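Asks: The residues making up each chain are set out below.
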Amino acid sequence: METVPAWHDRHLLDVDTLTLEQLELIVGLAGRMAASRDSGEAPRVLAGRQLTTLFYEASTRTRVSFEVAAQALGAEVVTVQVALSSVTKGETLVDTVRTLEALGTELLVMRHARSGAAYLAARHVTGSVLNAGDGWHAHPTQALVDLYTLTLRLPGGNLTPSAAGGLAPSQARSVGGAGPAARPGTVTALAGRKVAIVGDVLRSRVARSDIWALTACGVDLWLCAPRALLGGFEAWARAVPADRRLTVTDDLDAALRDADAVMALRMQRERDAGPGLPSPGDYAARYALTSGRLRAAARPDVVVMHPGPVNEGVEITAEVARGPSSAILDQVRNGVPIRMAVLALVAGAPRA
Amino acid sequence: MTTDTTGPAALELRDAWGVDPFEGRSGPVHVTIADGAIAAVSWGPPPEENTAAGAAGRRLVVPAFIDLDAALDGASADDDEGETPATLVAAAAHGGYATVRVRGLPPERLAHAAHGLPVRLLPAPERFASVPPAGALVAALLRAAAEARTVTVVADDAALSAGAEASSGIAATILGLRPAPDAAEVGAVQRALEALERATTIALREGSPGAPPRLHVTRVSLAESVRLVREARMAGLPVTADACAHHLALHDGWLGGDTRFAWQAVDTPWTGPLDPARAYLPSFRQRPPLRAPADALGVAAGIEDGTIDAIVSGHEPWRPWQSEVEYGDAPAGGSTIEAAISLVLGAVRAGVLSLDAAIRALTAGPAAVLGEQHRGMLEGQTAFITIVDPGGTWRPGAQTLCSRSLDTPLAGLAVPGRVLLTIARGRAVYRAAESRVADASPAGAPLRCGT
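Sequence lines, in order, name chains A and B.
According to this note's numbering, the first sequence is numbered sequentially starting from 1.
According to this note's numbering, the second sequence is numbered sequentially starting from 353.
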């Protein structure tokens with residue numbers, strides 16, 4: 001594999017500042033990482049470097065894929081179990097990250113319940129901070145995974161799903177990529193594609209990061225949720241610059257109409273936002289992604305996505321989540337090459 | 353850079369621009385101070401061009417400021433990090449203040465600590481930190497009226513604002529911060545005014561002797577709140593109001609890293625992306641939260657027409673360990689008393705606020721809320737004077753702040769207006785290092801703060 005391109009920022013806090021060209025670079029690098037991993041030649045650009053995961057909130061996909069990605073690049077991986085750490089004795093975030101840096105951490109992957117926590121950490125370390133989710137605010141690697149998955153799965157990308165639902169066994173074996181021969185399409189091919197994000201956008205860091213990443217690539221992005229969960233997104237949509245397309249609605253049919261891709265978000269039961277919110281049952285009745293709704297409105301080859309974990313029966317039916325339109329497991333698998341790419345990029349960026 | 357309490361002030365200030373809201377005068381002025389009192393004041397004719405042009409290039413001489421709302425941490429022991437009455441006085445003096453009303457310390461403790469300090473520290477009255485139920489507020493207004501007191505209510509309904517991190521709007525949405533509904537403030541103001549109206553009716557009906565019920569609404573920040581207070585005033589209700597200087601000049605885009613003042617942002621509000629060096633700094637967390645730029649302009653209009661009687665500093669100095677935390681856990685407030693005049697002069701310079709209204713809101717307005725009678729800059733009066741260089745700039749930070757708290761939203765930014773000299777009770781309590789004021793006052797021991 002050729003060398004990792006130069007990168008300007010030793011942190012990855014969000015995708016809001018990334019240009020179309022930078023997003024293209026990341027997606028392209030992820031594709032090469034996937035291929036190199038399949039051929040057993042992943043570049044060990046993190047050899048001798050210590051990466052620590054510091055997750056104040058629960059995670060399966062993000063944390064494990066970061067650890068797998070880091071190990072694939074040759075890093076020493078340390079996992080902090082926050083519930084067993086001195087955080088329980090009241091140690092502050094700033095002291096915690098400085099302590100970890102003193103213990104050799106150069107790359108800190110963190111998830112925290114408070115919006116902005118990763119920005120605070122980044123101001124107190126000389127190494128790299130990668131934001132694995134801060135409160136309601138941002139989940140940059142998830143947005144990059146979503147972008148990457150779309151370039152692979154939408155017509156014009158180089159992978160189409162097997163007819164049998166999910167991925168064929170040969171594809172399932174190549175963890176971390178779409179298959180040895182597949183390369184991602186370009187992000188510019190996404191321009192004009194309609195993507196709908198349906199669900200609890202108010203409290204969703206995935207939705208916010210997706211807004212930045214997808215609209216930067218010219219996607220015609222729609223957000224759909226019950227009115228109580230649309231928050232200030234309508235005002236944001238009215239204020240986006242002319243080169244970005246963002247529409248906000250509580251009309252699910254309008255959002256799904258002719259969509260190329262639909263993403264369901266989980267109803268965030270554990271992230272309180274106040275009164276006026278629908279119960280899971282109410283929400284499911286009106287907004288769940290069902291085969292019927294998709295058939296009636298979306299394109300026949302619509303790609304269905306979900307960042308996980310999935311509440312089958314609430315925001316999406318099991319049938320759709322596991323059916324032939326679903327790219328959900330692709331998203332999981334794609335998490336590793338995307339995280340390999342961002343880790344390699346930030347590790348090569350100038351230090352403080 | 354010197355704070356001086358060792359001798360009475362003596363100075364001659366020629367060709368300055370004076371604004372004296374107590375005596376209702378402004379224009380070119382020469383002032384002579386001798387032995388701590390105003391020896392001579394000579395006003396020139398106002399220039400034919402507009403006053404803003406006339407004031408430009410001249411040092412500003414005004415009555416020393418009065419702050420209705422600063423806080424100290426009464427629960428803390430005296431340590432090396434927390435603000436004390438003495439350091440608050442130094443900070444206030446640097447900000448041009450001679451009088452500060454202070455919350456957080458019991459009156460006896462404040463009086464003891466304030467004894468001998470050159471800036472007047474007044475105890476703050478009891479206040480409702482959240483608008484109470486109507487019946488309780490009406491009763492409180494009637495009780496207070498019988499004692500010729502004013503009831504102070506914070507313009508907030510804590511039930512609606514609890515847990516909120518930012519003002520509801522585009523910035524809160526982009527930043528993923530829990531929004532505070534406008535209704536938390538507007539509803540509180542509405543209910544407080546309704547209670548005042550009811551109490552006024554009852555007092556009239558019962559023919560109660562003495563003062564009528566009076567209400568002071570503190571921490572107004574929304575244009576709609578200003579409108580409600582304006583209507584109540586026009587209907588004759590005895591209500592006064594204050595607003596923080598940072599709600600005049602800053603806006604919610606600051607939470608994402610915007611550094612434009614509100615009047616610069618009103619047509620193009622902040623819509624991201626974030627500035628990673630500045631986003632989510634705890635010093636931006638205020639109560640009420642920083643609002644949309646249009647609301648800041650509503651506050652400016654309220655100050656201009658007198659709906660808002662007083663600009664307050666909202667100074668609430670936190671120790672580094674208290675404020676160096678995640679934004680959602682950070683305490684509201686910060687080190688704001690020293691740059692309040694800078695924010696106000698920024699608004700004046702931008703043309704959103706007249707100099708006369710600005711200085712009134714820092715002097716005569718707060719004095720009226722306190723119920724104090726003041727004379728202005730008259731011969732024979734003991735000198736309470738602040739001299740400002742409106743064209744100067746300074747950067748709030750560790751090298752320039754007198755407060756022990758560096759928790760200022762303006763950290764490291766160049767802000768307009770530099771206090772050159774503050775005289776309280778006839779003595780210089782703050783003097784800038786290069787004040788260019790012909791100042792013959794005896795020099796005191798220098799404190800390492802200020803500019």
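Hints are not guaranteed to be accurate.
[Stated by the list, open to error] Output of the computed footprint for chain B on chain A, the stretches with three or more beta carbons under 8 angstroms from beta carbons of chain B:
hint : stretch
1    : 52-65
2    : 86-98
3    : 123-137
4    : 231-241
5    : 313-326
[Claimed, not checked] In silico lysine to aspartate or glutamate, DMTMM-like type, Cα no more than 25 angstroms apart, as pairs:
hint : chain 1 : residue 1 : chain 2 : residue 2
6    : A       : K89       : A       : E41
7    : A       : K89       : B       : E676
8    : A       : K89       : B       : E433
Source of the hints: derived by calculation from the structure; they are not laboratory data.
Note that the coordinates shown come from a computational prediction; the quantities given were computed from them, not determined experimentally.
We treat Cβ as the ideally placed atom computed from N, Cα and C, and that holds for glycine.
Asks: Each hint needs a verdict: does it hold in this structure or not?
Replies: Structure-based check of each hint:
no.: 1; hint: 52-65; in the structure: violated (count 0)
no.: 2; hint: 86-98; in the structure: holds (count 3)
no.: 3; hint: 123-137; in the structure: holds (count 5)
no.: 4; hint: 231-241; in the structure: holds (count 8)
no.: 5; hint: 313-326; in the structure: violated (count 0)
no.: 6; hint: A/K89 with A/E41; in the structure: violated, 43 angstroms
no.: 7; hint: A/K89 with B/E676; in the structure: holds, 18 angstroms
no.: 8; hint: A/K89 with B/E433; in the structure: holds, 23 angstroms
In the structure shown, a violation is registered for the earlier hints numbered 1, 5, 6, in ascending order.
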